[in-house]
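Enquirer: Listed below, chain by chain, are the residues.
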Amino acid sequence: MAEQQPAITLEKVCKSFGPNRVLHEVSLTLPAGKIMVMLGPSGTGKSVLLRCLVGLMKPDSGRIFIEGQDITGLDERRSAGREQMFALRRKFGMLFQDGALFDDMCVGDNVAFPLRQHAKLSEREIAARVAEDLERVGLKNAQRKMPAELSGGMRKRVAFARAIALRPKIVLCDEPSSGLDPVMSATLDELILDLHRTLGMTFVVISHDTAEARKIADYVGLLYKGELQAFGLKDEVLRSNQRAINQFFERSTEGPIQVL
Amino acid sequence: MLSRSFRWFEACAAFVEFFCAVCRCLVTGPRYLRETLRVMDLLIRRCLIPVGLAVAPVGAVISLQGAGLFRMFGAESLLSSLLATAIFREYSPALASVMVAAQAGSSIAARIGTMKVRGQIDALAVMSVDPIRYVVVPGLVACVIVTPLLSVLTTLLGLVSGWFFAVPVMGVDHGSFLANLYAQVSLVDLWVGLGKCMAFGTAVGLIAGFLGLRTSGGATGVGKAANDTVTMTIVLILVADYFVSMVLLRLGV
Amino acid sequence: MEFLHFVRRALVAQFNGPPPRDEFVRHALDAGVGSLPLLTLLTIFAGMNLSVQAYGTFVRFGGQDLLGLFCGVGGIRELYPVMAAVICGARIGATLAASLANMQISEQVEALEVMAVDPMRLLVAPRLWAVTLMLPLLCGYADVVGLAASYWAATEQMGVNGGTFMEQVRDIVHLGDLAAGVFKGVVFGWLVAIVSCYHGYRALKRDGAEGVGVATNRAIVHSAVLCIVLNMFLSALLYVR
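Chains as they are written, first to last, in our numbering: chain A, 1 to 260; chain B, 1 to 253; chain C, 1 to 241.
Keep in mind that the hints were calculated from the coordinates and are not lab data.
Please read all numbers here as calculations on a predicted model, not as lab measurements.
Don't be surprised by glycine CBs; every beta carbon is placed ideally from N, CA and C.
Misleading hints may appear alongside valid ones.
[Said to hold, decoys possible] Straight line, CA to CA, 25 Å or less: simulated SDA-like cross-link-like pairs of lysine to any residue:
| no. | chain 1 | residue 1 | chain 2 | residue 2 |
| --- | --- | --- | --- | --- |
| 1 | A | 215 | A | 152 |
| 2 | A | 145 | C | 122 |
| 3 | A | 169 | C | 119 |
| 4 | A | 34 | A | 71 |
| 5 | A | 34 | A | 230 |
| 6 | A | 225 | A | 97 |
| 7 | A | 215 | A | 42 |
| 8 | A | 225 | C | 205 |
| 9 | A | 34 | A | 63 |
| 10 | A | 145 | B | 218 |
| 11 | A | 91 | C | 119 |
| 12 | A | 91 | C | 120 |
| 13 | A | 58 | C | 117 |
| 14 | C | 205 | B | 216 |
| 15 | C | 205 | A | 42 |
| 16 | A | 58 | C | 205 |
| 17 | A | 120 | C | 121 |
[As the list claims (entries may be wrong)] Covered stretches of chain C, as calculated for chain A (at least 3 residues, CB under 8 Å):
| no. | segment |
| --- | --- |
| 18 | 101-107 |
| 19 | 112-118 |
Let the hints inform the model, and build the full structure from the sequences given.
Expert: Right, dumping it as structure tokens:
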């Protein structure tokens with residue numbers, strides 16, 4: 001265990017949409033088993049970064065390593081590349097912004113879906129795992145409900161249960177606290193911490209909530225105009241007195257980050 | 001069962017209410033002429049190509065099959081009469097209307113439905129702009145005017161493609177084709193066709209507006225509104241077309 | 001270009017082993033049984049219309065006794081397959097496009113990708129198979145219903161002799177015509193499904209509810225136009241000597 005590979009390494013990742021530069025030379029290394037919170041104002045490429053990590057988007061240049069494996073060279077148009085990409089994605093769980101639950105399946109089937117697709121488990125084992133995960137997110141009694149009947153917070157928690165059903169090594173969370181009341185987002189934070197403690201997963205959390213970053217992060221990054229303004233251990237970054245970081249954490253309009 | 005028939009009844013009542021509101025808006029001001037013209041322009045540009053593409057092949061197919069059929073009786077020269085009556089009276093109005101329903105109806109319903117689920121309809125009402133007056137009536141007026149215009153175009157296209165498949169492809173004589181083209185078509189046929197188009201255009205505009213405003217349930221609801229508009233208007237067009245043809249036949253026109 | 005790429009991916013997914021069974025059965029039932037009421041209603045009126053209009057036209061040059069020929073040729077060779085396809089596009093295609101577009105804008109398709117499930121295999125392939133297999137059956141069904149409606153209108157309303165009508169139909173419609181109708185059904189079914197899936201699949205998250213409306217609209221219009229145009233070429237291919 002001494003020489004463990006870092007979970008995620010980015011090397012000078014660039015991505016543009018036409019003239020729009022969304023990511024510019026982003027480099028970072030995240031050790032396994034840590035929680036990283038990536039902060040930044042809306043529309044600065046945080047979601048694009050997340051999508052690059054799972055290969056939903058391809059960076060224009062630069063390289064991305066997942067547990068030491070380079071994923072930027074995988075060509076999804078070839079079946080071999082696609083196979084490898086799919087094999088790689090089994091390491092990931094992803095919590096989408098609005099949950100992305102399948103509308104035509106009940107909550108239980110949604111959580112069971114990745115298990116039925118990939119795990120060689122019997123229906124009984126799957127049912128046990130689903131029940132366990134739903135209990136973990138506090139929705140034991142919602143198993144037969146349809147996604148349309150759930151509130152926003154419940155949908156997110158179900159999506160969480162689905163994201164962790166396969167016990168992935170890395171869990172990506174796209175704005176877990178957006179659109180939720182403070183108590184519900186605190187509950188989700190607790191859930192992340194709890195999962196991190198019990199299952200030892202690596203978390204990448206995209207957020208603009210500084211309170212969330214203070215509470216759960218081991219590592220903090222700040223993305224603005226496609227560039228990584230700051231990255232490192234939470235305490236170091238907070239102590240570093242960088243103007244962008246201070247501005248973000250103090251909710252000030254004065255500073256290098258200009259939204260108007 | 002009871003709740004279902006109740007819902008049906010409720011929908012009918014809502015439609016009557018909607019219809020009255022539309023009529024009220026039509027006879028009283030203010031009218032949004034600029035918006036109406038904008039929608040008309042949009043509809044013409046969006047519908048022109050699909051409608052043309054849908055009707056041209058019909059003339060071709062009538063010629064293709066008709067030439068074979070008439071050849072068996074040595075009456076090839078009658079082909080163009082058949083083509084002209086069929087196109088003037090039936091296929092041009094019906095097909096132009098079906099394609100307007102598919103293109104304009106579904107996009108109007110989808111647009112109103114999107115405004116509804118995004119709360120823009122409520123926003124209009126809060127700003128004391130009557131949504132029916134502002135979003136439904138311009139679409140309706142545009143449909144009523146655009147459908148006959150498109151039908152004129154489709155008639156021409158149908159005849160041209162019919163000629164192409166009859167004369168160069170199937171080898172019918174050019175002279176007799178032209179000579180018999182208008183033999184059986186009267187002015188009445190033309191007016192009947194245009195009248196049908198206006199009626200069907202009204203139906204498209206009304207149904208699209210009605211279903212668009214009733215949209216509920218987010219993005220899925222928008223798709224459903226667009227879809228239901230098309231199926232309902234197609235049913236209406238075919239059923240109405242049949243009864244109109246029956247009545248005309250009985251009247252002997 | 002983008003469309004061709006999509007077609008290639010869809011074909012690979014479609015012929016790469018049998019489609020997921022549950023999805024296939026669900027869509028086949030929805031496409032087939034779900035379209036029956038609408039298709040029945042429309043073909044009855046289209047069939048009667050065909051008789052009434054043909055009579056109105058033929059009576060002008062005294063050819064009303066040829067009604068059977070016209071209804072046989074016009075209906076079975078041309079009208080019913082196209083109508084089944086257009087209605088299929090308006091109902092099934094629109095539903096397919098709307099459901100896929102909805103999955104796209106709520107990130108459900110991306111969720112599948114992240115869970116290492118190929119959305120083409122799971123979502124597109126069963127829909128393609130379902131519609132391709134159901135539409136020829138619907139065409140055959142429309143042939144029967146439409147012909148019966150034409151017959152009824154011709155004999156009961158126009159006073160054409162029923163025996164002559166059927167004799168003419170039997171004379172002019174061969175087994176080959178029925179086979180051609182089924183063939184057209186297969187082609188149209190696949191076309192409607194692929195066009196609708198394409199437009200649904202192309203919706204983007206940022207389009208929101210509007211994207212679903214646009215996808216539905218395009219699916220309806222493009223599949224209808226494509227089927228009508230393709231029908232002309234198929235007819236020219238099959239019936240011009």
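Enquirer: A separate judgement is required for each hint: does it hold in the structure or not?
Expert: Hints, one by one, checked against the model:
At roughly 22 Å between alpha-carbon atoms, residue 215 of chain A and residue 152 of chain A fall within 25 Å of each other, so this suggested pair holds. For the hint linking residue 145 of chain A to residue 122 of chain C, the alpha-carbon distance of about 23 Å falls within 25 Å, and the restraint holds. Of the supplied pair hints, the one linking residue 169 of chain A and residue 119 of chain C holds, its CA atoms being roughly 23 Å apart against a limit of 25 Å. The suggested pairing of residue 34 of chain A with residue 71 of chain A holds, with an alpha-carbon distance near 21 Å, which does not exceed 25 Å.
The straight-line distance between the Cα atoms of residue 34 of chain A and residue 230 of chain A is roughly 17 Å, inside the 25 Å bound, and the hint therefore holds. Restraint check: the Cα-Cα separation between residue 225 of chain A and residue 97 of chain A comes to about 21 Å, which is no more than 25 Å; the hinted pair holds. Distance hint between residue 215 of chain A and residue 42 of chain A is fulfilled; the C-alpha atoms sit about 21 Å from each other, no more than 25 Å. At most 25 Å may separate the alpha-carbon atoms for a hinted pair to count; residue 225 of chain A and residue 205 of chain C meet this at roughly 22 Å.
For the proposed pair residue 34 of chain A and residue 63 of chain A, the alpha carbon gap of about 21 Å is at most 25 Å, so the pair holds. Annotation: proposed proximity of residue 145 of chain A to residue 218 of chain B holds, straight-line Cα distance about 19 Å (limit 25 Å). Between residue 91 of chain A and residue 119 of chain C the CA atoms are separated by roughly 18 Å; this keeps the pair inside 25 Å, and the hint holds. Of the supplied pair hints, the one linking residue 91 of chain A and residue 120 of chain C holds, its CA atoms being roughly 21 Å apart against a limit of 25 Å.
Distance hint between residue 58 of chain A and residue 117 of chain C is fulfilled; the C-alpha atoms sit about 18 Å from each other, no more than 25 Å. Restraint check for residue 205 of chain C and residue 216 of chain B: the C-alpha separation of about 20 Å stays at or below 25 Å, so the hint holds. Pair hint residue 205 of chain C plus residue 42 of chain A holds up; C-alpha atoms about 16 Å apart against a cutoff of 25 Å. For the hint pairing residue 58 of chain A with residue 205 of chain C, the CA-to-CA distance comes to about 18 Å; that is within 25 Å, so the pair holds.
Between residue 120 of chain A and residue 121 of chain C the alpha-carbon distance is near 19 Å, which keeps this suggested pair within the 25 Å criterion. By the rule of at least three residues with a Cβ nearer than 8 Å to a Cβ of chain A, the coverage given for the segment 101-107 of chain C holds, with 4 such residues. Check result for the segment 112-118 of chain C against chain A: holds, 6 residues qualifying (beta carbon to beta carbon below 8 Å, three or more required).
Checked against the numbered hints given earlier, this structure breaks none of them.
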